[in-house]
Structures are given as C-alpha cells and as structure tokens.
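Q: Chain by chain, the residues run as shown.
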Amino acid sequence: MTNFTIAWLALPLFIGFVIYLVPKLDRFLALGITLLSAAYAVQVFLEDSPLKIQLLDSFGVNLAIDQLSGFFILTNALVTTAVILYCWQSGRTAFFYMQAIMLHGSVNATFICEDFISLYVALEVISVAAFLLITYPRTDRSIWVGLRYLFVSNTAMLFYLVGAILVYKAHHSFNFAGLRGSPPEAIALIFLGLLAKGGIFVSGLWLPLTHSESESPVSAMLSGVVVKAAVFPLVRCALMLEEIDPIVRFFGVSTALLGVGYAIFEKDTKRTLAFSTISQLGFVLAAPVVGGFYALTHGLVKSALFLISGILPSRDFEELRNLAIAKNIMVVLVVASLSISGFPLLSGFSSKVLTMKNLEPWQVIPINIAALGTVITFAKFIFLPHKKPLETSLDKNHKKISSGFWWAMTILLSGLILANAFYYEAYTYFNLIKPLATIAIGWLGYLLILKKLSITLPRKMETFDHLIGIMSLMLILVFWILQV
Amino acid sequence: MLEAFVFITIFSGFFGIIFKKNLVMKIISMDIMSTGVVAYYVLIASRDGLFTPIASSANDVVYSDPVPQAVILTAIVIGFSIQALMLVGVMKLAKDNPTLETSEIEKNNTP
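From first to last, the protein sequence lines are chains V and H.
So in the working numbering, the last spot in the first sequence is 484, and the numbers never skip.
So in the working numbering, the last spot in the second sequence is 111, and the numbers never skip.
Bear in mind the hints are in silico, worked out from the structure with no lab data behind them.
There could be a bad hint or two in this list.
As the list claims (entries may be wrong) - Stretch-level coverage of chain H by chain V, calculated; a stretch enters the list once three of its residues show a Cβ under 8 Å from a Cβ in chain V:
id	segment
1	13-23
2	28-40
3	53-63
4	79-85
5	88-95
For clarity, every value in this text was computed on a predicted model and none was experimentally measured.
In this text, a Cβ means the ideal position worked out from N, Cα and C, and glycines have one as well.
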C-alpha cells in the first residue's frame, strides 16, 4: 500500500509532463489518471486502519491516509473525470489537460499530507495550476482575475509560512500535531492562510469573482475540489486537537450564514453558485467529524451545477425567466438543485441529516437558518420556466450540447444517488419530515416574497485592496478568539 | 532586535501590497514581504549557532539548524516562480493598460 500510495501521488505530476510530450494522447492519459485516483479512493475505504507513512527521516514528509482522506480523494477523482469528459469534444489543447491533471495531483497531495511544509508546497502548486487554468482563454479579464487570485493566495501563504516556522520553533517538527502547545500567534497565522485560501468567512470574498469569471469546467474544478484542499487541513486539525475544534466550528457557522446571505440576493447564476460554495464550505466545517461525506456531496453537486450553468443560454436570472430552458437540461438542473437543498433520495439529504446530528447545541439554530437559505437560493433555479426540446431548434441562443456533457452529468448525478448508501440510516420518518418542511417553507418564502424583491448587495468588499486588507483584520480576529 | 527588523520588513511589504497603486509595485511589495519571511526562517535556524552544518575540519562548534533552511529553499523557488508568472500576466495586461493603475484595471475587468 505504501508503494502504491507514493506512485499514485507522483504519477499525476509525471503524466502531466508526458501529456505535453505526447499531445495526441492528452485526454486518454488524463482520464486514466482520474480513474486510478478513483480506484485508490476505493482501496482506502476497504482498508481498515489508517495508514501512516513517514518518508525520508524524522524531519521528512508525513503522510496520513484514512477514511476522511478517502472521501476527499473520491470527490476529486469524480469531479475531474466529469470535467475531462465535459471537455472531451471542446477542442482544448494538451496544455489544458496537463494543467487539469497537475491540479488533480496536487489537490490529492493536500488530502494525504500531515505536515505543514508538504501542505504549503501542495497548496502553492494548486495556486499556479489554478492560475494557468483560469487564464486559459488569455483575455484581459481572465488574466486580471487570475492575477488577483494568485495575489491573494500567495499573500495568505506567506502569513502561513511564518506560522509554520513558529510551530517548528516550539516543537522541532512541522507535524500537524504540533499545533498543540504552539504559541497562539502560530495558530492564528496558519489559520489565516488556510481560511483565505479555502474561501472561508470574510477572507473568502475573493472566491465569487474568481469562480464566476472562469470558464464553466474550470469553475467546476475550483468549486468542486480546489477550495476543499485548504478546508481539509482545517478539518484534520479540528479532529486531531479538541481545542481547535470550537474555532473551526465557529468559522463554519459564520461562513454558512455569510455565504447564504449573499447568495439569496444574487442576480447572476454563476455568482449565486459561487456564494453557495462559500456557505456549503461552512457546513463542512460546522461538523468536522462528518465533513468528508458533506464535502463529497457538495463537490459532486456543485460541479454539476457549474457545468449546467455553462450550458444555460444566459447568466442573468431575469433573462433566463423569459428564455425558457430545454426540458432535458431542466431535469438535471432540478435534480442537482434538489440534492443541494436536501431532498430525500439524493445524498444531499443524508449528508445534511448527518451534519445536523453532529452539531453542538449552539450551532443548531444558525445552521438550520443557513439550510433554509440554501433552499431559497436554489428555488431560483428550480422555478425557472422550461419547454420541450423540439421547440429549441429554432432558438439561436441554444448552443449544441455535446454528449460529453451528458456523460459528465451521468457520473456526477449517479454518484449523488449512490452516495446515499453510505448513510442509509438517515431514512426514518422523523428525519424525512424536517428537510421536507424546510424545503416547503423555503419555496413558499421564495415564491411569495423573494421573487418580487430586487435588492442588490454592494460589491465593495470584493475589491482587491479590501481583500488584502481584510487579512490583517482576520488575523486579529483569530488571535482574539484564541485568547478568549 | 533582529526579529523586530524582520517583522518590519514583512509588514512594510504587506502594506505596500495594499497602498501602492501600480500593479508592478504591488508585485515588488509582495517580494519584499517574502524576503522578510525568508529572513525569519534564517533567523530561527541560527538560534543555536551560526556555523554551517557542512562536514568540515572545525570541531566543537555550535551548528545552526539545517531544517528551516532546507525548507525555506522550497519556498524561495515557489515564490520566485509565482512572481515570474505574475509578471508575464502583467506584461499581457500592460498592452491595454499602459499605466497599470490597479483601480483602473479592476474597473474595466469587473462585471
């Protein structure tokens, strides 16, 4: 298993370069790597005990693989497979597949590493690969969005590095366990880096613009897996050290509320999805014990939604209401939206039930409000008008949908249904009533009140200077929480 | 004392990123910030001693800690490559925005 792990870890980066040497095989090689990752994830689930690997020496690289990593790796494998299938006929160059597969590999690396420096390296490789994917169209706007992303993440990672050396100073080791007994500055700096990188709370406001302005397959990867690369270490630390746990839970709750508050009032499909990503990450952090399963569900559903939003004829909800969408697209859109709202028979339901079960008492009310907000947000998608596919042939707004799109949807949506099996105990009468009531209230609220409102929230907070400046405030906030 | 200087470097870089208007200046500020971080690693490494931990004839001297230095080498390489990447992006942007005023670029490229 150790050798298999190392081979699996190194292969995506190696194959990435091979793809560039043999451009003709690009899609096949990329697909092969993602299938290998999926096989590895299954292997991790079959293994009983967590696997710990120490490479080189006592100062070397620590790897830890357990079921939590298994969930994240599986998410990554399925989402990347879907994205590659989606792009299959789009005529993208080998460069795109090379970056996608490198991104896949480095995201996998974050899910198994257990020391701060391997994590740093993996996160920085992610920044570079994500930057190259965002700027793939080479337009001015995409370059600016990419630069902004790289700036924010690199500045955050510099703070993180200072935190990492403070941990080393206290313990002579970079291991995650060293957070216990480190000075509070160290924890505050490391948390700042991870929070900003993962798009959590106010320091995550770089995320909406970045995720909405990239192309649909790229946003699907970014929202589906890349943000989870920084969330995973937070979950891991919360599980390892109980004194970190309340802080992570606090940030989970506040992120869930913040994201959903923005998402309800958003008028643009992709921005709505991006804000909903922020809020869903909050759910993952709110109950770290079951965060893995929630992350799997969210990754599948969010990448499906982003891929669908690339097919929709417009990004503006006002326009979409007048255009009407083909019936077959509408079906997948409704299934995905129902899953994220927590409708039974889809795994969004069981993951929500599981999360609710593992909450602390003080978290219950805000998380339920956030769940209601999610339902209202996705009612915007569910209640769009639709029409028969035949009529659309006259409509020039409709692009032809490739079969790759349907393959991607098959993988992601069947994944959503199959994942139910993980927690089938959720299907009791009591558990069924609550989500259905939430959905009913949410839909009523949307149809009666919110549909008529037209409030636009200001975007002042998302300007570049504010994004950097807010980091210093976040640093003070985390430090203050640690002191209390 | 040295530690204070290192933190002054880090923070002057950080505030440079916020307050400088020109995009290239912002990138240089980020470089200054990362210089500060590198210096801090070197400072921590030299807590116990100043001698380089390389096999030599001198014995009974206090060696500095090699681990932070080895680690920061990776960070230097990564920081340098990210800056190169950013400068390439800025060169592309500079064709349409000769002044590279961040607020202007942001206004033109935000929907």
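Q: All the hints need checking, so say for each whether the structure fits it.
A: Outcome of the hint check:
1. 13-23: holds (count 4)
2. 28-40: Coverage by chain V holds for the segment 28-40 of chain H (5 residues, Cβ < 8 Å).
3. 53-63: violated (count 0)
4. 79-85: Since 4 is at least three, the answer is holds.
5. 88-95: Since three or more residues must qualify, the claim that chain V covers the segment 88-95 of chain H holds, with 4 doing so at under 8 Å.
Comparing the model with each numbered hint stated earlier shows that hint 3 is the single one that does not hold.
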